[in-house]
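A.B. asks: Sequence:
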Amino acid sequence: MKKVSFLFTIVLSVLFLAGFEAGAEKGGDTAIRSGSGTICNNKYVLCTSAPCVPDPSNPDSRAICSCDVNKGLNFGLSQCEARTPATDSNGVTKVLSTYSFAQAPTKPVLSCPEGKPWTDCLDQPCIVDQLNPNKAICTCKIVRDQAFVTFGGDCNSLTCDTGYWSGATVGSYVGASKELMKAFGIDEQPARYCAGMKPDLLK
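As numbered in our numbering, residues 2 to 204 make up the sequence shown, in order.
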């Protein structure tokens, strides 16, 4: 636990000192539904099931999330150039988090009601863990006023109250999924859903 807390402290310090900001702060649902997102094929950070905790320096609006590093097709609102991982002279690798189907086969989608805390990690700043290059720590926006879906929670709806899962509104999730489906040339979203929780827009 001390090692994790120390890592979080280091990451927060680096993010603050570097002034690293997400490349796309747009109106999420509108941008995705209008097809203005971008599909890239590169190394990226995926937070679709990430557990998060409120950022000690800004607990009301920001959270720290533990995410995975992947490679392949991914969706984001920023351009591919902005999402390419960049390593500085100190060996710190910065990258934006995006969305993909990588966890769809193994992690069912949980639906949570409005009023529960969650985090919006799309196009948010991350730093790759130097001790484990398959993981990254991201700072994401806390949302409380919209219903959401997440690949986290293992279908336990009680975790909607306390999990601070990385998630998305149904509109954002459906819109981004459709863009990825086009890129993969598939007709059905590959995700599984917790019992009775498949979004109406996909039924």
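For the record, the hints were derived by calculation from the structure and aren't laboratory data.
Just so we're clear, the structure is a prediction, and the values are computed from it rather than from any experiment.
Every residue, glycine too, gets a C-beta built ideally from N, C-alpha and C.
Check before you lean on any hint, since a few could be wrong.
As a list, the in silico DSS-like pairs of lysine-lysine whose alpha-carbon atoms are at most 30 Å apart [unchecked claim]:
| no. | residue 1 | residue 2 |
| --- | --- | --- |
| 1 | K179 | K199 |
| 2 | K72 | K44 |
| 3 | K142 | K179 |
| 4 | K179 | K72 |
Have a look at the derived ranges for each label pair, beta carbon to beta carbon [stated by the list, open to error]:
| no. | residue 1 | residue 2 | range |
| --- | --- | --- | --- |
| 5 | A196 | G92 | 44 to 50 Å |
| 6 | T85 | F185 | 19 to 25 Å |
| 7 | S58 | D188 | 24 to 30 Å |
| 8 | T107 | P86 | 39 to 45 Å |
| 9 | N133 | G172 | 31 to 37 Å |
| 10 | F185 | Q80 | 19 to 25 Å |
A.B. asks: So, for every hint listed, does it hold in this structure?
C.D. replies: Now for the hints, and whether the structure bears them out:
no.: 1; hint: K179 <-> K199; verdict: 15 Å, holds
no.: 2; hint: K72 <-> K44; verdict: 4 Å, holds
no.: 3; hint: K142 <-> K179; verdict: 24 Å, holds
no.: 4; hint: K179 <-> K72; verdict: 19 Å, holds
no.: 5; hint: A196 <-> G92: 44 to 50 Å; verdict: 45 Å, holds
no.: 6; hint: T85 <-> F185: 19 to 25 Å; verdict: 21 Å, holds
no.: 7; hint: S58 <-> D188: 24 to 30 Å; verdict: 45 Å, violated
no.: 8; hint: T107 <-> P86: 39 to 45 Å; verdict: 24 Å, violated
no.: 9; hint: N133 <-> G172: 31 to 37 Å; verdict: 34 Å, holds
no.: 10; hint: F185 <-> Q80: 19 to 25 Å; verdict: 20 Å, holds
Against the hints set out earlier in the document, violations occur for numbers 7 and 8.
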